[in-house]
Structure formats: C-alpha cells, structure tokens
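Engineer: Here is what each chain is made of, one letter per residue.
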Amino acid sequence: MSELTPGEQPMGEQVMGELWARLRRTTPARIALGRVGHALPLGEVLDFQLAHAGARDAVHAALDTAALAAELAPLPVLQVASDAPDRATYLRRPDLGRRLSEQSAALLAETGGRHDVVFVIGDGLSATGVQAGAARLLKACSAQLGDLTIGPVVVATQARVALGDPIGAALGARVSVMIIGERPGLSVHDSLGIYMTFAPHPGRSDAERNCISNIHGAGGLSPQDAARTLGWLLREALRRELSGVSLKDDQTPALPFEDPGRA
Amino acid sequence: MPFSCDLGGERHSFEDLKAVLAAASPLRSGDELAGLAASSATRRVAARWVLADLPLKVFLSEALVPYDADEVTRLIIDSHDAAAFAPIAHLTVGGFRDWLLSEAADEAALAGIARGVTPEMAAAVSKLMRVQDLIAVARKIRVVTAFRSTIGLPGRLSTRLQPNHPADDPRGIAAAVLDGLLHGVGDAVIGVNPATDSVPAATTLIRMLDELRGAYAIPTQTCVLTHVTNALTIMERGAPVDLVFQSVAGSEGANAGFGIDLAVLREAHAAALALGRGTVGRNVMYFETGQGSALSANAHHGVDQQTMEARAYAVARAFDPLLVNTVVGFIGPEYLYDGKQIIRAGLEDHFCGKLLGLPMGCDVCYTNHAEADQDDMDSLMTLLTVAGCSFLICVPGSDDVMLSYQSLSNHDALYLRSVMGLRPAPEFEAWLQNVGIAAPDGSLRALADGASPFVRQLAENLS
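Which chain is which? The protein sequence lines are A and B, in order. The first sequence lines up with residues 56 to 318 when you count with this note's numbering. The second sequence lines up with residues 319 to 781 when you count with this note's numbering.
Among the clues, some could well be false.
Below, in silico cross-link-like pairs of lysine to any residue (SDA-like), each with a Cα-Cα straight-line distance of 25 Å or less [unchecked claim]: (1) A/K303 with B/D579; (2) A/K303 with B/N511; (3) A/K303 with B/K658; (4) A/K194 with A/L130; (5) A/K303 with B/R525; (6) B/K458 with B/R525; (7) B/K658 with B/A464; (8) A/K303 with B/V363; (9) A/K303 with B/M526; (10) B/K658 with A/R111; (11) B/K458 with B/N511; (12) A/K303 with B/P405; (13) A/K303 with B/F576; (14) B/K658 with A/L130.
Just so you know, the hints here were simulated from the structure itself, not pulled from any lab data.
This is chain A alone, in the form it adopts within the complex:
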C-alpha cells in the first residue's frame, strides 16, 4: 500500500467522479448520492419517495390468476385461496394466510395424489413479481428435476409461505416448493423467493425450510441459477429425508452479477 508522498497533487474532482460512476455500476445500492449540508440532495429525496410509492402500490396489487394459468399451460393448474378474504386482512392476519379457505381445502382433499414435488405459486407481498416472473422460474425449476414426479401447479392467492404446508400435505408431496412474491423494496418491486420443505404438513417451522431469495432481474439471482440451487437442495432433501438448517447449501455458489441499473 503506497503512501501519498508530500507534494503530490490530490486527485481532481473529475477523476473522483469517474471512480464513483464505476463503483455505482457494481451495485444497485444508493451509493455516492452527494450531500447538501448533512442531508440528501432534493432530487434523491424525491426519487426515494417515488420508489416508496411504487412499492406501496405493488403490495396492494391483485394477482391475475387466469393470466398466470395461461402462461403455465400446458401444465395442470389448481387455483386455491388462503383463509384471508382480502388484502387488508391478509396484511394484519398472517395466520389466515397460512391456512386454506374451507373451499380450497375441500378441493385439494378431493384431488389428493402422490408426487415427489408439488410447486405452489403464491402472491405473497408482491403480486407484481409473481405475475412477471413466477411461470418462467417454475419452468426453469422443473427442468432441473427430470426424473422426479411433479404434481399439478397450485396457484394460491393471499398466500403466506407456510400455506405450502397444507397444500403439500393434501396433494401427497414428498417435497413442497413455494414460489412467492417477496416484500417489495425500493429498488426492486418484483423479487421472488423459493421455500423448499421436505414432508410438508401444517406445523412445520421455518427452520425446517430452505430458502432461496432475491430472484429478480435487477442484479438478483437469475431463474436459472435459482433453479440449479433448488435442484441440488431438492435431491439432497429427498436423499437425506430432511430440509432446513441441517441441510446446508454447501456447494460453491454461482451468484452472477450483471450491470443492474437502478429501478
């Protein structure tokens, strides 16, 4: 590490500006925003407020299940709802979002089945994200599972992660895989998460799941990389008959990062 020797010129503002421009391309984080006194410049303040408004709107959007089912075709699709009747209730009552409505429970009980894997697509906290990317992610995942038997795809509204437990149990899944809309952030409103649970049944704890998060196109995991990770975890779960913290994702991670640009 070289010391700055006396008499050397400090770097010019233009050089520093170029350095910061280069650093900004390495992350979607809001770095190098500048300062007005100790505060953010007004443009950054209003940019933040706009992003927050967009995220708030994503939280309250509704999932178009018919459009999603059409995108999933020719895969068979079952549509279910949680016990939370609307968005306002869903936000305050996560317990209702973890269990099936009476009607949906009856539908799944009637369907039954026996499968290695059942995929569930839940709206979660970003129907916007699910609408945009869940079908593609699901297809990438199922392509990793060649020889395994896969049940019908369950599309669930007003869904929390644990809704995959009663769904997986009713459909006789050895493993349930919930693809769900993650809580929108400012920069990303359409991030997806995958939660994998071996032997799903109501009462599973979160420590018994494996999670792959931040799947989105603005610098997050690509669907292909998420699918590869899931493929490995899922086969390990079936082989070792468990999931969660005792099943470590111990393969070398492949986390790509491409020039993201800010949302």
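Use these hints to put chain B onto chain A, whose structure you have.
Structural biologist: Leaving out everything else, chain B in the frame of chain A:
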C-alpha cells in the same frame, strides 16, 4: 394475588399475571393478532393500575413461561442476582418507575441493579412509562463494550455499516463499504447480511471484509450475519471471524424456530473467544431481536410481544455481546402496524435492553407494507439518540437492496452526530482523521474530494 381494580364504579379483573401485562401494553397489532390486547382503552388503563401495585418480586415467583418447559425461563431465574436486586426488592412496579426517574437512580445505581432486573420486570415497568420516561431513564445508563473499537462511551454514537448486495457480489459490497466509510459510518461493525445460506458464500465475504479492514487498518470489526451453525463451520475451517451473529428470541420454542438453542450459542461464543481477534476488548457476539418473533414462531406462551422481546435480552445478556439491536420495524404491520407503534416499540426495546445491561442499538426501519415513512424514522432516530442509543444501522440512501426494507441512511448518521454533538467511537474517529476522511475538526470531506490519501489509495486499488 388479586389482579383486579375498581375504576369509575366498574370492576376490572384479569385472569393472571400475563393477562395484566398484555392488557397494560400500549396498543399494537401483534397483541391484537394474538388475541391478547386490552379489549378497550379503559381496560388498558385499569391493567396499568393493577400492574403499578404489584410487587417486583412477583416476577421471581410467578413464571410467565413455565420454568420446566423453557430454557430461557430457567436462564432468567437461575442467573438472577439477588444481591443486585436487593436495593429495589421492596418496590412495586409503580414504585420502580418512580425510583428509575429519581435522582437516586444515577449511572452507578442503574449499573448496580442490572443483573437483579429480570426481563419481565423491565417490560412491566416500561408499560407504565411514557416515551419521555423511556428516554430519560435510558439516557442515564451507560453500557460500554469493545472489540477493536469501543462502543457506548458518553458523547459517542456508533453505527453499523450495512453494505448488503442482492447477489453477494464482493465488488458491490466493497463499493457500499467505501460509501459508508466516507460518511464516517461503520465504527460499531461492518456487517453484511448474505443473500444465501451458503457456507462458501459467507466465507468469501468474511475473507473479503477482513482483507479490506486489514489493508486500511480500520479499527472496527466485520461480521457476515449468517446462521450461528454456519459460523461454527466457518470458524472450524479457519476463516477470520470477528463477531458471531445470531437472531435470538424470548422462548426456547421461538429460538428453535431460528434453529438454535442456548447450547449452540455457548459453543459459538467459546469458539469466537478462542480466536482472540479483539484488540481493545473481548465482546465477540452480535445479536438481533425484534418484537413479534416469538408470536411469529407460535412460541409466545400467551405472553404479550413486548415482554417476550425483553426476554430475548436475557438470552443476549448471557453471552457478553458487543452489540445487540432490535430490528424494530422489520417484522411488518401484523406486529407493529404503523409509525406510532414502531416508534414506541423502538424506545421500549432500547430502554429494556439498557436497563438489563446490554449495549443496545436499533435498526430504525420499516417495510413497504407498514403504514410508515421517512418522517417516522426521522422521529425515532432522533428520540433514540436523545435516549443515548449505543449504535444505529445505516445503509446507503436508506435502501437495503437485499432485504427489501428501509433503514437509516449514512446521511442520517451525519445529521444525528451534528445536531446532538456526538462523535464516533474514539478509535474510529482517530482513524477517520488519520486517513483524511474527516478534517481535524471532525467534519467530513465531500465524496468527490480527492484530497484524502485514503481515497487516493482506494481509487488506485479499485480502478
């Protein structure tokens, strides 16, 4: 023990001690979700009258979560320091509130009773305290911890630099670290939440952060906030772990939901101590908590969320942590609905943590599904700083691009230090001046200012 009172000709009775505590708690959505909140505003005040007259000692004889069924209760009861409790043993909960606010309760007296106060006592008295009481008492309490920097000294406000990246990209994380350092942020810890659970990915980040810290001789500690069992594996494999992180909660069941118990925390604490990496202190643990975690794991035992939160501090306290912070608005509107509830909870958590003797900080934050915004965070961070909060979490531009929530910005730390006349940890403050990030008067140079040798070195290395 009667749990009832007469108010305005009406008799209010409560089934048991935990029902009194729950009903006395300021309104919050998590207690409503659990079916524990007071059924009316009047009943809430009635519960406070009942609570005020209960002797503090009742919490030593009546366990809210059964002793035989819960290792956190056993930890609380078995580690209770009767000698430290002696000066307040005669008080009621209401009397305790008055004593805390009195001049007799000075810094030394408050430090003296810390090990005699149980989480339930702290939670109970907080329910009788207004926001100004929570601030006034917490401000009198100093908890000093150290590793490579010293946290919690008078006149100081420390910060965690949180350079998260959605794909754990080391270059992107390094860029955010630089941005934070140039804002004078990072003296509590440079701490990354990894995007994946992977041991190799966490190890890569730990090595990268340690190289960065070492290359510039930054007097702070680094941490990758991976699960404690991962940290054990990583330490076994010889990676440079400064601090072991873990989320903790207030019951055995809730901790099981996190995949931990006290034994694994003990194992990790011993392993991190054995590495001997601290230079000015040996506090090697970093814990995060947050109201609602026990209920979310369905392991709250019918106890209100603020009391369960205080019990998490008993877990933290057993391992002499460097840092503890509540992630107050992270959990969502089903537990803390809006800005008002988040602000109150942040101040309660800080107060209870400090009263129990913890180096308490706060992640002043909210999510996009809560009814809160930047104005609420401005209020909470200012109140916490007045209350003497040990450290706050900062992310670039308030936007955590990995965890998808809003915390404080690096700029917020500048504002707080400026309006309150506070400085970073002394070792870090000296370093900021030595490398030219800060001028000799402590003021920070602009980001575009290339005069600093530190910035010049970085420019050369990152180019």
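Engineer: Look at each hint and say if it fits the structure.
Structural biologist: Hint by hint, here is what the structure shows:
1. A/K303 with B/D579: Distance of about 18 Å is within 25 Å: holds.
2. A/K303 with B/N511: This hinted pair holds, its Cα atoms lying about 17 Å apart.
3. A/K303 with B/K658: Given pair A/K303, B/K658 is violated - Cα atoms ~40 Å apart, limit 25 Å.
4. A/K194 with A/L130: Given pair A/K194, A/L130 holds - Cα atoms ~10 Å apart, limit 25 Å.
5. A/K303 with B/R525: holds, 20 Å
6. B/K458 with B/R525: It is violated: about 39 Å lies between the C-alpha atoms, which goes past 25 Å.
7. B/K658 with B/A464: Judged against 25 Å, a Cα distance of about 33 Å means the pair is violated.
8. A/K303 with B/V363: violated, 49 Å
9. A/K303 with B/M526: The hint holds at about 22 Å.
10. B/K658 with A/R111: Distance of about 18 Å is within 25 Å: holds.
11. B/K458 with B/N511: At roughly 32 Å apart (the allowed maximum being 25 Å), B/N511 and B/K458 break the hint.
12. A/K303 with B/P405: violated, 49 Å
13. A/K303 with B/F576: Answer holds: A/K303 to B/F576 is near 15 Å, not above 25 Å.
14. B/K658 with A/L130: This hinted pair is violated, its Cα atoms lying about 47 Å apart.
Hints 3, 6, 7, 8, 11, 12 and 14 from the earlier list are contradicted by this structure; the remaining hints agree with it.
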